[in-house]
Amino acid sequence: MEKEIIISARHLKKVFGSGDSEQVVYSDFNIDIYKGDFTVIMGASGAGKSTLMYSLSGMDTPDAGTITFCNTEITGMNSDELAVFRRKNCGFVFQQIYLIDKMNLLDNVIAAGSLTSRNNADIVERANRLFDMVNIPAATRKKLPSLISGGEAQRADIVRAAINRPSAIFADEPTGALNSNNSDAVLDVFSMLGATGQSIIMVTHDKKSALRGNRVVYIKDGTIYGDCDLGTYSADDTKRTKRLEDFLKEMGW
Amino acid sequence: MGSLILHNLKKAKGQFLSFAVVMLITAVILNTALVLLFQTGEAYDSLFDELNTSDFSVTVPSLLSSDELLHEISEIDGVSKTNTHEALFASAALQDFQDSEFTMNTYFYRMGDERELTKHTVAEQTETADKRNAYIPLYLSELGGYKTGESIRYMLDGKEYAFTVSGVISEMQYGNYGTGFIGMYLSDEAYDALKEDENFTSVTEYLIKAEENVKLSEVKTAVSRLLKDKNVSTISFLDRETTKGSRTMVSNTIVLFLAVFALLVLIVSIFLARFKIKNTIDEEINEMGVLKGIGYTSRMLMLSQVVPYILVCGIGLFVGIALSYALIPVVANVLAIQSGFSYAPVFDISAACITIISVLTAVFVFTVLASKKIKRLEPINAIRGIDPLKPVGRNHFPLDTSSGTVGFNLILKQASVSAGRNILLFAVTFVMMILLTFTGVLLYNVNICPDNFLTTLSEELPDIRVQSDGEHFEELKTILEKENVRAVSYGISMVEYSDGSIPAIVCEDFSALENNIAYRGRHPETADEIAVGNAFAADYEIGDTFTLTRSGSKYTYTVTGYIQSVNNNGLIAEITDEGYANLSDIPLYSLNLYMDENADIPSFVNKLDHDYDEYTVSVSNASKETESMQRMYSSLITIVATSLFIITVLIILLILYVILRSMITSLKTDFGIYKAMGFTSRQLIIQTVGSITPVVLLGAFLSSVLGVVYLPAMFNGIFGVIGAIKNNFEIPLYLLLIMAVILTAVNVMIGVILCRPIKRITAYSLIKE
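Sequence order for the protein chains is P and S.
Residue 120 in my numbering sits at position 120 of the first sequence, and the numbers go up by one each step.
Residue 831 in my numbering sits at position 578 of the second sequence, and the numbers go up by one each step.
In case anyone wonders, no lab produced these hints; they're calculated from the structure.
What you are looking at is a predicted structure, and each value in this text was computed from that prediction instead of being measured.
Note that beta-carbon positions come from the ideal geometry of N, C-alpha and C, so glycine has one too.
Fair warning: there could be bad hints in the mix.
Now the in silico label distances, taken between C-beta atoms and shown as ranges [to be verified]:
{"#": "1", "chain 1": "P", "residue 1": "223", "chain 2": "S", "residue 2": "658", "range": "41 to 49 Å"}
{"#": "2", "chain 1": "S", "residue 1": "655", "chain 2": "P", "residue 2": "223", "range": "48 to 56 Å"}
{"#": "3", "chain 1": "S", "residue 1": "1013", "chain 2": "P", "residue 2": "223", "range": "27 to 35 Å"}
{"#": "4", "chain 1": "S", "residue 1": "631", "chain 2": "P", "residue 2": "179", "range": "25 to 33 Å"}
{"#": "5", "chain 1": "P", "residue 1": "205", "chain 2": "S", "residue 2": "634", "range": "29 to 37 Å"}
{"#": "6", "chain 1": "P", "residue 1": "63", "chain 2": "S", "residue 2": "564", "range": "21 to 29 Å"}
{"#": "7", "chain 1": "P", "residue 1": "196", "chain 2": "S", "residue 2": "259", "range": "54 to 62 Å"}
Incomplete in silico selection of chain S near chain P, CB under 8 Å [said to hold, decoys possible]:
{"#": "8", "residue": "652"}
{"#": "9", "residue": "659"}
{"#": "10", "residue": "660"}
{"#": "11", "residue": "855"}
{"#": "12", "residue": "930"}
{"#": "13", "residue": "933"}
{"#": "14", "residue": "935"}
{"#": "15", "residue": "938"}
{"#": "16", "residue": "1015"}
Chain S residues, not near chain P, derived (Cβ > 10 Å throughout) [said to hold, decoys possible]:
{"#": "17", "residue": "304"}
{"#": "18", "residue": "412"}
{"#": "19", "residue": "611"}
{"#": "20", "residue": "646"}
{"#": "21", "residue": "666"}
{"#": "22", "residue": "670"}
{"#": "23", "residue": "704"}
{"#": "24", "residue": "792"}
{"#": "25", "residue": "834"}
{"#": "26", "residue": "854"}
{"#": "27", "residue": "925"}
{"#": "28", "residue": "928"}
{"#": "29", "residue": "934"}
{"#": "30", "residue": "995"}
{"#": "31", "residue": "1012"}
{"#": "32", "residue": "1016"}
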């Protein structure tokens, strides 16, 4: 069965700076992201992984080219139209913890949930289900972000990203600032979400994180240098690690 | 160190610019108030001396033995020089005074007479073909609207007296009507024509200059005693202090008004600087930790916060003081309309020093206090962003349990985040509301309900004043009764007391009057009672005795209360008709007439003039005088109040700019997160403006409701300076509440405009930074 394309980017161009300091990140970039995939974007530092991800999600605007997201072209939208589009279609998890520090975890999630629903009870119920799923106890949900661990905060961030059942969750190095235990817990959450059919696009440098995806896209010199199908994630699949290592070796990692 | 200060200045240049503008406004207002305070009185004294104006002037009906009286006065100890002027006196109705009629006690002098004392200077003149010409005081020219070359007309006893204005003069004695007398200077032809007219009383003005080292009051008492001994009744007895007080009355009020305004703006500015420094410390705690770590001392860091404010404040003050000199002549000219003398204000180093030192000291003290927190920051904690003194935040208005929409609760959450910001907003709104309600209520009482203002500053305001005579007085009263016009016997007569001569209001029944204010005690009711003006309040208790003399008759009354009088500097008394009979066998035969609200006053004046001509000596339309006065005060107060209203809105704009920019800077990350979630700029602008609105609303409404308490005190304080101890101002609560709504609406509108930079914050900027 042919996979459904959720995001399609054509002839993307992104340039930083101008004149002598001009830096072309990519000039004619094309990619399709499929529904239900856990797509991992990898590449060397400065390859334009995050830039690509934020362009695909409508957080940043490419200089040229088109992006079609859920059959809607988003490249012509203004910032408020993009904001409204993001409510329903995108969830974000960043490397830094970007929770609003004056609100407890539950309120951070409800604030996002309120953008797509007026049913507060329903939002709270969904939030609590997701908190249960990411293993954040009820008492912690009522704490301010400054009073919890980085792992808990990042998991709360994932809950917020998932609260509106977005078409895709975008994660930018989500384990980059976490220790090993917390990283595993966060990656488990992504895997659980992936298993439910949630489309995930994750940028990472970390091989262990990349293993969780079913597709790994390697970017180099402004193009897709390699595209690897890892298949569905399973913790017991040892061959998977070898496949990824071989792919990355081939890419010059 | 210098580079750190420069860095701090550059980082928030827009907000420092706003602070500089607020300081500039403070300096403009404060320096203007101080220059006028220092120089108006000084300019008056200087012109007074330049024109060799007498210390006292006593005007009496011309006597055969005037030389003898002059000689006796000059023999009094302490008198250095005496002089007399001949004049003609009449209480004449000046026509076309601001397109109305104004009855004034007027002394008509001969312009060509030699003067040794109380000279005058010609400020403006023109050649006229008419030989019956007149020189008028600046007051009549500026306020009355009489220009050189134009005609000036009086009506007296049904007869018209017209002159051509050939010039404007400046003199220090009868130059405005604050004393209840005004001077006119006629050509020989005009003067000689009036001299033959029985409507004018020939009078002699005795001018007395006292020696420099003597007490003026002692000389005045001696002159007064001499006049009493010789049974000479006076028409007016003025001293330099009374004249000066009446001529600088409005000026003093405006100066006080401006000083209070400047003080309130300064208080707000200090709150603003304090808030901004505390906010900066919170925002830049990591940076300060790093600086402490590399060796910067707390003192250096505190100075890096305080010095930019001092620099900006200093620049604002210097520019403000310089700019105030563009405003001061304008204000001085406006004040000259009422005071009747003009002067050119000059640079005043004392005013500039007081402005700079007082404002800089206040800003320095409060910014140092606000920056003291830096001392308590430990470098490593600060680097980690930990402020040990900052309490752990609370999750206010939890979204899962609070009633109301999430959007509404997000607004409340944001509103409850910063106590410092809320205190500042509350204080600014409260103080700005004081200024707005003060100016608003003043404008209301001057323009919407002008009677409230007029009755505060004036004496009794009847509709018509009628002078009759002994033969027809009772008949006239009967006629008026038939005409359904309420008539009250009311007149003013000059009487002497131990220290000089004062006007005494004589009335058959003070309770029948409409605007006689006894601010303590009560009006006299019997022949033995007297109420005195506020100038006597310090020396005469209620129940004390007070002796009056008139034409040799002397009577001692009991003080029953204190009455309000602005025009006479509180030197006034009131007695009943029976009380006056103790001093004079001849009643005053004057009446105040009060008509129904919709009555045709001019027609009735006309009727009195024509149908009842034989019963009246003179009739004047007092309601027209009231209108003139109202126009005079209304234009002056409206200009000042409207200017202050505009400045207040400007200050609100500048302060909101600083507060909102600080908010946007400190919430930049949050806004990025909200935008990443899918919040639009519009939602965030509404959320931000909404978060300041509850505090603004609370401050505005609390201030407006409390205005019912503090505004009377403010009005009493300011108008009390000029003798209006008790005022009749209405302070309608609905007006205050409307102003609170307007202030809140203005805040919201300005807030929406100032929050537009939120549009430029992108979710992506979170990551890029």
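Exercise. Hints broken by the structure, by number, lowest first?
Worked result: Result: hints 6, 11, 15, 20, 21, 22, 27, 28, 29, 31 and 32 break, sorted rising.
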